[in-house]
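**Q** As a plain string of letters, each chain reads:
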Amino acid sequence: MHLHRLEKIWLVFGISMLVVFLCVIGVAAFALGMQPPSGHSHSIDPQKVNETPPFDNPRLEQIGENEYNAYMVAYVFGYSPAKMEIPLGATVHFQITSSDVVHGFEIPGTNVNLMVVPGEVNHYTHTFTEPGEFLLLCNEYCGAGHEYMATTITVK
Amino acid sequence: MTQTAEQGFDRKDSRLVLAHILFAFASLLLGGFAGLLQGMVRGGVITLPAGIGYYQLLTAHGVLMALVFTTYFIIGFLYSGLSKTCGGKLLPAASKLGWIGFILMAVGTVIATIVILLNQATVLYTFYAPMKASPWFYIALALVVVGSWVSGFGMFYQYRSWRKSNPGKLSPLFAFMAVGTMILWLIATLGVAATVLVQFIPWSFGWVDTIDVMVSRTLFWYFGHPLVYFWLLPAYACWYVIIPKIIGGKVFSDALARLAFILFLLFSIPVGFHHQLMEPGISPVWKYIQVILTFMVIVPSLMTAFSIFGTFETAGRAKGAKGLFGWFKMLPWKDVRFFAPMLGMLAFIPGGAGGIINASHQLNGAIHNTLWVTGHFHLTVATTVALTFFGISYWLIPAITNRVLTPKLNRLGIIQTIIWAVGMLFMSGSMHTVGLFGSPRRTAYTTYQDHPDAVLWMPYHVAMAVGGVILFISLLLLAYNVVALLRSPKGYTEYPIAEASEEAGTTPRILERWGVWIGIAVALILFAYTIPFLDMLNDPTPGSKPWVTW
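For the record, the sequence lines run as chains H and B. Here my numbering runs 2 ahead of the position in the first sequence, where the first position is 1. Here my numbering runs 949 ahead of the position in the second sequence, where the first position is 1.
Hints are computed from structural coordinates only; laboratory data are not their basis. Every residue gets a Cβ at the ideal spot worked out from N, C-alpha and C, and that includes glycine. Careful, some of the hints might be misleading.
[To be verified] For the chain H half of the interface with chain B, some residues (derived, Cβ under 10 Å), not all of them:
#1 G28
#2 D47
#3 E122
#4 L137
Chain H extracted, bound-state conformation (with noise of 0.2 Å):
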């Protein structure tokens, strides 16, 4: 099989570019910690999210200085703490489950995007160093009420 010599050189330099993005975002994520949000098998019964700990009592909880985590459940058409406030500069550990189909979870302008599965509980790790009011919203087609479903999320 001919490989033409100029072809060699385009294949060359675009598998090299595909290596060179690869290792980015490799090292991103195992050396950085840049991980997509995730959190390997921590099943929760959806039938059941509301007498769950700690899933019966939505919150934000602090757990260190300036550290938080936020235990939150999203539902047909709505989530739960419905407000919440956060002083600037905290770092917010978010755990989100769904008591009925699947979400999203989006506050756009920052990292946060997640996809809120029944029967798993996601996670995600956010430091919000700007103030302001943050829209939360539903990411993913969840019903008829669907493009009602957000909120904001006020850091202070």
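We have chain H already, so just place chain B on it with the hints.
**A** This is chain B only, laid out in the frame that chain H set:
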């Protein structure tokens, strides 16, 4: 096997191909109308009359465009090429399987459309559990998939018979690509068939109480990514085999074209996790492994880009083009058969680059489920693939009906292509931009109680609606052109199949040993999926009961 004006395209095969193409365009028109309305609703231009829901339209749009239009067009096109290159006509058994497939898919499409219109299946075309549609919706989808399998078997039969009666000969390149595409489809649809038959149908009838959501999502996305390559590969077949003939050139390299298709078969399936990067229940290591495999599937596209532009340059220089880029002007820009697919190829450059961003592990979080993603696939499938299919139709319909593409229709075709490209520039461009700002996909009109962020998105949503209107005008012109093609003067139209360039050397026979490649593809799938999937099965998440939330 030259085709003469007297012979023409086989009459019986012509009926089979035409039935597929017309069915495809009918669903395109219907789905396009739904798209027009959605764009206007989201842009705040109109509100829907009582009873019709935005998400109902969105479901119809997705099912009719992404599943029905593409599958029908692809099967019709591939059958036409097999008839042309493998003996000049379809064998009776291949033709019969093609018709059985057509009917099964048509029944499925009709049932699905009815339950969507009855608002019993407003679950979008990805039908994520635990939203539960009418069981008939899932049965309809199963019929479409099984119908496409039967059609695929018909193609395999035609190809095998050709190889048996031509021992030792290399198969026609088009036939090779058709078979490769259908093998990919067959392996990929096993995932969606498994979740529909084993999980969704028993659960939606109430025979079992709950469904494992993570397992169903994983099986769906095992199918969902090769699905996009099932759309793309027939377009690539057109670029590799048809376009060189139209521009008066040759296939750049038969061997490299086949190798590209083999690489797609190997690497487009074990990559579904890059659609699930933001999900729980899958370890980041396995997500990253599938990200690497996803990047591998870019390589055959790089090869294709080189081959196609190599053909352009070689053909241009043979016609006397001078300088580094003189060949570019030599291309037949005024021929819609070239012009439409060419715009599609150009759109694939930003389209492919956007795809690399989407698949980039944690970077996916910047755009996941925003309108950026919608913009991405409107550039890839709805521009690259759709424009290539339009370009094909302008010669395929006349070729199989023994009519001619008149200069006037050619001109109308070019106008239709330009309108489509302009509409898509508005729509996909504003989707990409506003998606980066965070505007979510699959969401009806809302300003989130006039939140300042969301208010700033509105001008882009209006631009999307403008794009949608322009696209629908293009679609109406396309419908006119298709009807006009069916009534254009009788005559001979060539079915353009290019020959391979001899300079590229002989094709290694191993490329046609399907058993080897299917074996490697299965091994890669097992590597990428066995451990994370067994994790899901061994430590299952508690199941979900059905929900109807619309």
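**Q** Please flag the earlier hints that this structure goes against, numbers listed from lowest up.
**A** Structure breaks no hint.
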